[in-house]
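Each protein sequence line maps, in turn, to chains Z and H. Offset between the first sequence (1-based) and our numbering: plus 1180. Offset between the second sequence (1-based) and our numbering: plus 281.
Honestly, the hints are just simulated from the structure, not real lab data. Just to be clear, a hint being listed does not mean it is correct.
Distance ranges between label pairs, derived from CB positions [what the hints assert, rightly or not]:
| id | chain 1 | residue 1 | chain 2 | residue 2 | range |
| --- | --- | --- | --- | --- | --- |
| 1 | Z | Thr1269 | H | Lys377 | 17 to 23 Å |
| 2 | H | Ser337 | Z | Lys1517 | 56 to 62 Å |
| 3 | H | Glu407 | Z | Ser1364 | 43 to 49 Å |
In the DSBU-like style, the derived pairs of lysine-lysine whose C-alpha atoms are separated by at most 30 Å in a straight line are [to be verified]:
| id | chain 1 | residue 1 | chain 2 | residue 2 |
| --- | --- | --- | --- | --- |
| 4 | H | Lys365 | Z | Lys1186 |
| 5 | Z | Lys1238 | H | Lys365 |
| 6 | Z | Lys1218 | H | Lys365 |
| 7 | Z | Lys1295 | H | Lys725 |
| 8 | Z | Lys1245 | H | Lys365 |
| 9 | H | Lys331 | Z | Lys1218 |
| 10 | Z | Lys1237 | H | Lys365 |
| 11 | H | Lys418 | Z | Lys1468 |
| 12 | Z | Lys1290 | H | Lys377 |
| 13 | Z | Lys1245 | H | Lys331 |
| 14 | Z | Lys1591 | H | Lys362 |
| 15 | Z | Lys1290 | H | Lys388 |
| 16 | H | Lys365 | Z | Lys1290 |
| 17 | Z | Lys1295 | H | Lys365 |
| 18 | H | Lys662 | H | Lys725 |
| 19 | Z | Lys1234 | H | Lys362 |
Chain H residues, not near chain Z, derived (Cβ > 10 Å throughout) [as the list claims (entries may be wrong)]:
| id | residue |
| --- | --- |
| 20 | Asp403 |
| 21 | Glu558 |
| 22 | Lys662 |
Note that the Cβ used here is the ideal one computed from N, Cα and C, for glycine as well.
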Amino acid sequence: MSDAVKELLQHDHASLVAPAGYGKTETIAQFVAQSEGKQLVLTHTHAGVQSLAKRFKKYSVNSSKFELDTISGWALRMANYYPQSTAFTKGIPSGDDWPVIVSGVANLLKFPFIKRVISQSYTGVIVDEYQDCNLGHHSLILALAEVLPCRVVGDPLQGIYSFAKGEKLVDWDIDVKSYFTSISELTIPYRWQNTNLRLGGWLKNVREKIYAEQTFDLPSSVVNHVVLSDSSSRATCYRLMRTQNDTVVAIHPELKHANSCHTLASQLIGNYQSIEEVDAKELQKHAKKFDNATGNQRAVVFIDFASDCMTIVSSELRTIRANFENSKSQTLVKKNKHIIDLLSDVAQTGDISKIKNSLKAMRHIVNSKNESPSLYRADLFDSMMDALTLFESGNYASLVEAAWNARQRQKHIGRREYTRIVSRTLLIKGLEYQHAILLDADKFDSKNLYVALTRGSTSLTIISKEPRLTPK
Amino acid sequence: MRIRHLSISNFRGIKELDWFINGTNICLIGPNNSTKTTILDAIECVLSPKWNLIFSDTDFYQLNPANTIKIVVSVSDIPDKLLKIYNLGGYIWALKADNSFGEPDDKTTDGDCLLRICLTVDRNLEPMWEALGHSDKTRISAADRELLGMSRVNTYVDRDFSWGKNTPLTRITQDDATVNLAEMGRTARDALKTNPLTDLDKVAEEVEKFVKPYGVKIENKLRAGLDPDSTSLGRGNLILHDGEIPVYQYGLGSKRLISIAMQKSITKNGAIVLIDEIEHGLEPYRLCQLVRFIRPFPQKMATNAGYIAQTFFTSHSVSVLMELQVTELYVVRSINGMTSVKQFEKQFQPFMRSSPQAFLSPRIIVCEGPTEVGLLRAVDKLWIENHNGLGMTSNGITLIDGKGSTMTEYAQKLRSLGYEVLIFGDADTDMEQKRDALEKENIKVILWANEAYTEMRLLLDIPIVALKNVFIYLFMEHGEDDLLNSIRDKLKNKLGNIVNLPQPFTKDDLFDLLEEPDREKNIKIREALATIANPSKSKGKGKGTAWFKRTDLAENVGDCFVNELNQVSSSDLAQKFGEIEKWVYGS
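Next up, chain Z with everything else stripped away, as it sits in the complex (with noise of 0.2 Å):
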């Protein structure tokens, strides 16, 4: 049993700061093993969950000593329990709803039936990347403290969640300490103890360096260093597909839009994956456009949506979709036919098997250099099929509602895996892969820097103009 773990233990009200790669997940499994009963254990992002949850069966964690959730996910569950004392009427919640939700749920937790339930039902709380919390959610967890002992891990430096709505994020040294006793922190860069022990030292220090906002170098023995051009990235992403089967993260600077990942998988023509973030707005806003079309509009929506999802579509069938957007005949169209015939009925009918079914052949068309689309969102592309299906069980109203849906269920089954991503730093918090890539890599903030740069566990690519870099 680690020190960490110990004094977790020992502590029933206790703060743990834990940098990138250095056993956090490995403590908290241990510290939930070695605790008796059963302990919530909280953290922000379906990715965060799954990565628990695999450190968990690592370990061989007994399922019953644990329950697993985001903290919206458990406070949305306690609020469609109890939706009067929580003020929120059920349906799908949307951003908004959600420091509601929170709020509320802290709220419920004061009254005396649900400290009963709650005291039966766990035997501490322990919350994972607490620097993400906001003021609503440090409350929440504050609610829960009062019924049972709290621990809380995380490291302020990977604080990267920004709010739009002005919400605050905790404070570590104001809100976490004053309330939490802080434990030593981890020492140990265990992620590159097997994989690369000089990436893990030299981190050590940037982690320093960055907590200093001092400028630091790229050593070449370290990291390789590209200089930024207009195909660096590209050139850098197909250089790492070497590596076979390894897997690869391709960071990009942006922090709330995707399309620069998009653009640049499409570039990379599917050998890359951009993903989509956890409630997956594209995914929402095409199932939206679908349930307020009629007729040709149908059609049109599904050309739209796999064009966003392949390459070839876009231009190969733009002939058939402005004859579908202007109800124009078709039959001057050669190509095609069948897809024509298929979206024709989905037009129609909506026919969801045919929508589905003109998806599956979208992805076979040629063009005239008998090329085939390559999927580079097959995170949306697969998740369209997923609502679709659930969709056509019958059992939702909308395509929306099925879409919602077919997300939730991804939170439980675990995200799907791919070798390779574009991703933006958000998404790819708290998980590891043996190589990253930071694309033009002066434009992240030093904490968006810190998460980029702990990702990769064997190797660590760094795209950018100079030599060396500065946090800001």
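Following the hints, put chain H in place on chain Z, whose structure we already have.
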């Protein structure tokens, strides 16, 4: 666990029932076919730990499977295990002050937290158990239902005495992790050599401790043994023995007692015990003991041997009623499938000792006092003769003493509990004023004409021969000389100036007075005698004891004249008895 509310739709004879339950010891009474047993069955079905309950079309109201069966039991005192959020912790309700169900809040106490368990059976006959929630519902497993601690004490309890699957004996045994039942079964199969069942004997010993206080006489010593009737060998054939005798050969009553004792001992969370016809197979003394033993008590008094949190039982037994508080009585009525259950109020407690049988009758005659009770008992004998042996009892009638001024209140409350009620008493202005209101509530009101009281009516209306017999009886009862002297003194006081009162005053002198030919005078004499017979009715409250203000005396008085009533058929006395007779015989 404790049931706080029960609603039933379309189950057997019950179309609708909606019952808020505020007691813990609940004795359901009511006439046959009032759906008492159906209520127990409904509770049993919902809380049953069986996963394979079998339903058929006959379980539906009016045998119509289109009417989905829905039974909802709301229970408080929820076991901790069910409270867990990943179990049913998200499905907790509060019983609000206005008797509605809602989400618990800041003020909800533990005791008012409920689980609402719903059983539905539709035309597919597949039972579905769910816990109702605030935005959805969830299936509730047979294992979780077992935690609810319901046990139905059945008429057929033989299986309870074996170590078969899910029997109470097995559950007692499983509390002891050191006993390996499967191994025991094998041991049994291995031929029960010398003394191979020591572990089970330990359990049997334990059971003996549980059952002893119930008045079960164990002749020898409880032990485990192989069912002598069995042809196969397995743990289901390992049964409880008293010495060499299998316990299942005991009488029904003892078997029920042992079974209840075992059930109670395994329910640590507070058992809900259901017993149909609790008196079945038990002598009154053992019955009383049982009634006392199943009376629930607060959790804090619970012992290791488990405790009962709530008991529902049906009874038709006076002995049972006499053991109970009247507020533990709930009368069940069913009219066209609409079943209601109503609790008795405290004020009926006196009748639990004096006329417990009244609560078990569908029809009650509330008499003003013991005199009226006695007279009706006498006239009942006449009716039995005239109606082929069927009297008031055969017509489901019990007489109770309304104790004068409280008579109307009792009558009204009993009526509201669903009893058919007749009021029989003296007429006075007060009663005449209430008559309309009572009749509006469908209470039959029989009062003597002209605001007469009973003694008055008797003295005025009883034919002379019978009246003489009445006096002869009264002489026997009170002493001829004493009574005559007292009559003479009082008559002198009242009528000294108009009648001749020789000294000594003999029986024949009294009879002469009764036969006074002057009608006006005769009436005066009889009226005066009436005030002497019941001094409380005389002006200025006369002194002395009433002649027959006691049920037995009044009955004997009645016996003297009822056979002669046909001679005075136009009299108010005969008329009113006639009206009561009509009501009794339902015409």
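Each hint, compared with the structure:
1. Thr1269/Z with Lys377/H: 17 to 23 Å: The hint (17 to 23 Å, Cβ to Cβ) holds, given that threonine 1269/Z and lysine 377/H are roughly 21 Å apart.
2. Ser337/H with Lys1517/Z: 56 to 62 Å: holds, 59 Å
3. Glu407/H with Ser1364/Z: 43 to 49 Å: violated, 58 Å
4. Lys365/H with Lys1186/Z: holds, 28 Å
5. Lys1238/Z with Lys365/H: holds, 27 Å
6. Lys1218/Z with Lys365/H: Between lysine 1218/Z and lysine 365/H the Cα gap is close to 11 Å, so the pair holds against 30 Å.
7. Lys1295/Z with Lys725/H: violated, 57 Å
8. Lys1245/Z with Lys365/H: holds, 14 Å
9. Lys331/H with Lys1218/Z: With a Cα-Cα distance of about 29 Å, the restraint between lysine 331/H and lysine 1218/Z holds, given a limit of 30 Å.
10. Lys1237/Z with Lys365/H: holds, 24 Å
11. Lys418/H with Lys1468/Z: The hint holds at about 29 Å.
12. Lys1290/Z with Lys377/H: Given that 30 Å is the threshold and the Cα spacing comes to 19 Å, the pair holds.
13. Lys1245/Z with Lys331/H: The given pair, whose Cα atoms are some 29 Å apart, holds under the 30 Å limit.
14. Lys1591/Z with Lys362/H: holds, 27 Å
15. Lys1290/Z with Lys388/H: Within the cut-off at roughly 11 Å; holds.
16. Lys365/H with Lys1290/Z: holds, 17 Å
17. Lys1295/Z with Lys365/H: Status holds; Cα separation ~11 Å.
18. Lys662/H with Lys725/H: holds, 22 Å
19. Lys1234/Z with Lys362/H: holds, 28 Å
20. Asp403: At roughly 19 Å from the nearest Cβ of chain Z, aspartate 403/H sits farther out than 10 Å, so the non-interface label holds.
21. Glu558: holds, 39 Å
22. Lys662: Holds: least Cβ distance 63 Å, greater than 10 Å.
Of the numbered hints stated above, those contradicted by the structure are hints 3, 7, listed in ascending order.
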